[in-house]
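**Q** The listed protein sequences correspond, in order, to chains L and E.
Here the numbering used here is used: the first residue of the first sequence is 1, the next is one more, and so on.
Here the numbering used here is used: the first residue of the second sequence is 1001, the next is one more, and so on.
Simulated from the structure, these hints should not be mistaken for lab results.
For clarity, every value in this text was computed on a predicted model and none was experimentally measured.
Glycine residues also receive a C-beta, built at the ideal position from the N, C-alpha and C atoms.
Warning: the hint list may mix true and false statements.
Stretches of chain L that chain E covers, calculated by requiring three or more beta carbons in the stretch to come under 8 Å of a beta carbon on chain E [as the list claims (entries may be wrong)]:
#, segment
1, 54-60
2, 94-102
3, 136-144
The chain contents come next:
There are 2 protein chains.
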Amino acid sequence: MTKTMTNDDGAMRRQPGCPLCDGPGGRVVWRGAGCRVILPDEPDYPGFVRVVLDDHVAEMTDLLPSVRDALMRIVWEAEACLREVMDPDKVNVASLGNMVAHVHWHVIPRWRDDRHFPGSVWSAPQRQGEALARSAERAARVDTLVQRLQARLAAMPSADAE
Amino acid sequence: MTKTMTNDDGAMRRQPGCPLCDGPGGRVVWRGAGCRVILPDEPDYPGFVRVVLDDHVAEMTDLLPSVRDALMRIVWEAEACLREVMDPDKVNVASLGNMVAHVHWHVIPRWRDDRHFPGSVWSAPQRQGEALARSAERAARVDTLVQRLQARLAAMPSADAE
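In isolation and in its complexed conformation, chain L is listed as follows:
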């Protein structure tokens, strides 16, 4: 990973009032140089991971290619961990930012019996009760997911060493 995930000028941008500048945005499970991995409070989706850039930047193409690539490597590590631990039927990966225009990636384990499948997690719900029961059961794996994330991210080669 690059030493800092800031742009040319090396300065970290902050935007007062932005929830991802003012706070972590969830339970921080890993911090790297310029980004963090959090578990947001999403009871329908145990194992939902967000990879949040520390710098307040709206779009991926606002970033230097090296910074963008370093951020995506974290996203792929998160996806790999989700697949290993949570046994999802699909993984959804998205950077939207319509509400909070500060780069953050949603990495979401999806199951055929989850609340919105096959819709997006932002679509109208497809089911309720039984989906919640399965979520509670799957939540038991989140501690393992956190350990796996921390181990894999700690083992990542830094861009400097490549």
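Starting from the known structure of chain L, arrange chain E on it as the hints suggest.
**A** Relative to the frame of chain L, chain E by itself:
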């Protein structure tokens, strides 16, 4: 870009019945080694671009890192073109695949007055008539977008040359 976007064995996977194996999935505006850029039929979102892997693979982490990186470089070129030509308020980038589990990236220009903003394009609509009128107006820029995409993608350095 890598010569082929296939995996270790070099073989291209196909899944009969998969709409992205059986057909292009939209108007093809560019073809590279192992992927294509298409304009799907999304009248609410002129300039909506999809970057579709030719290989039938469900998840990004099924791909070799070099293939993944090459695909993402196309996605960032598409985002950059959208920003240059379509003047969106935000760009949304997502790989979901719940309906069609064959890697494809949505690269979507968003405007504050579009049909779903600030929701995702998969969320409940927020508005109708005036959003459609603005879409028709924005559609006039799509020819320019296509030219810009073709020019930028043709100018991309290949991974072999890097």
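**Q** Can you list which hints this structure breaks, lowest number first?
**A** 3
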